[in-house]
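Each residue of the first sequence is one higher than the one before, starting from -18 at the first, in the numbering used here.
What the hints contain is simulated information worked out from the structure, not anything from laboratory work. Wrong hints could be hidden among the right ones.
[To be verified] Simulated restraints, written as ranges between beta carbons of each label pair: (1) LYS148 with LYS181: 18 to 26 Å; (2) ILE128 with GLU3: 50 to 58 Å; (3) ARG107 with HIS165: 33 to 41 Å; (4) SER59 with VAL125: 19 to 27 Å; (5) LEU133 with ASP48: 32 to 40 Å; (6) GLY149 with TYR187: 17 to 25 Å; (7) MET90 with TYR187: 22 to 30 Å; (8) GLU179 with LEU(-9): 50 to 58 Å; (9) VAL11 with LYS154: 18 to 26 Å; (10) ALA2 with GLY182: 47 to 55 Å; (11) LYS154 with SER195: 33 to 41 Å; (12) LYS154 with GLU6: 35 to 43 Å.
Ideal Cβ placement from N, Cα and C applies to all residues, glycine included.
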Amino acid sequence: MTEARTQRELIEESLGFLFEAELLEEIIEVGKVKSLESDQILLDTGDDLLYIPFILDGAIKVSRDRDEEELLLYYIESGDTCAMTLQCTVRKSVSEIRATTIEPSRILMIPIMYMEKWMSNYSSWRRYILESYHSRMTELIETVDAIAFMRLDERLEKYLVDQAKLKGSLEIKHTHQQIAEDLHSSRVVISRLLKQLETKGRIQLYRNRIVLSSI
DNA sequence: ACATTAAGTGATT
DNA sequence: AATCACTTAATGT
């Protein structure tokens, strides 16, 4: 009882400003809230796309992975959805990305069968989907730019700043190894570059922890 | 005290 | 910028 109430409130709070009341009711009706700890895989490469996930709170990173290699593509936060899953409106398919929680997160899962119906019935839904697609595309291009045109040290600094903004804290609790994986580099290289940034006074290094001097 | 894991570094490609 | 090989430091048992 109270469970359902809280869930309704949670959904209204996170998504209420996005959709008209009628659609919101439908969303509350058919959506299931999934709670995940930090560092859990929400969706993995090769998984069938059965649900559209909406991030209610927390944050998620979307990365490409081949064999054991990984590369961070972009983050999704509260109010966002994953563009990858949107293509299932057109065609039933499997995921080509991995979505991992980077904070304890609650995600609203909506079966994909509603996609098409809502597309034709609700203008707020159409607008949301198109805008969402657009902003994911923009972020993806930003990432491509970073890989193509920035040196690794610049990319690392951008990564740290992005992390800090995302968490709302200058403290980043990652190992050098984890950062290396996100940037698709090696631990040794990241350690060296971090050391340089520390010498320049941009950061302070500790075990499992990096503190940014400023954003 | 010991083992394990994270981080630092010189040398080489 | 990556890899190897090794050292040093921090942390858990």
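Results for each hint:
no.	hint	result
1	LYS148 with LYS181: 18 to 26 Å	holds (22 Å)
2	ILE128 with GLU3: 50 to 58 Å	violated (43 Å)
3	ARG107 with HIS165: 33 to 41 Å	holds (35 Å)
4	SER59 with VAL125: 19 to 27 Å	holds (25 Å)
5	LEU133 with ASP48: 32 to 40 Å	violated (21 Å)
6	GLY149 with TYR187: 17 to 25 Å	holds (19 Å)
7	MET90 with TYR187: 22 to 30 Å	violated (37 Å)
8	GLU179 with LEU(-9): 50 to 58 Å	violated (41 Å)
9	VAL11 with LYS154: 18 to 26 Å	violated (36 Å)
10	ALA2 with GLY182: 47 to 55 Å	holds (52 Å)
11	LYS154 with SER195: 33 to 41 Å	violated (18 Å)
12	LYS154 with GLU6: 35 to 43 Å	holds (39 Å)
Figure legend: structure checked against the earlier numbered hints; hints not met, in rising order: 2, 5, 7, 8, 9, 11.
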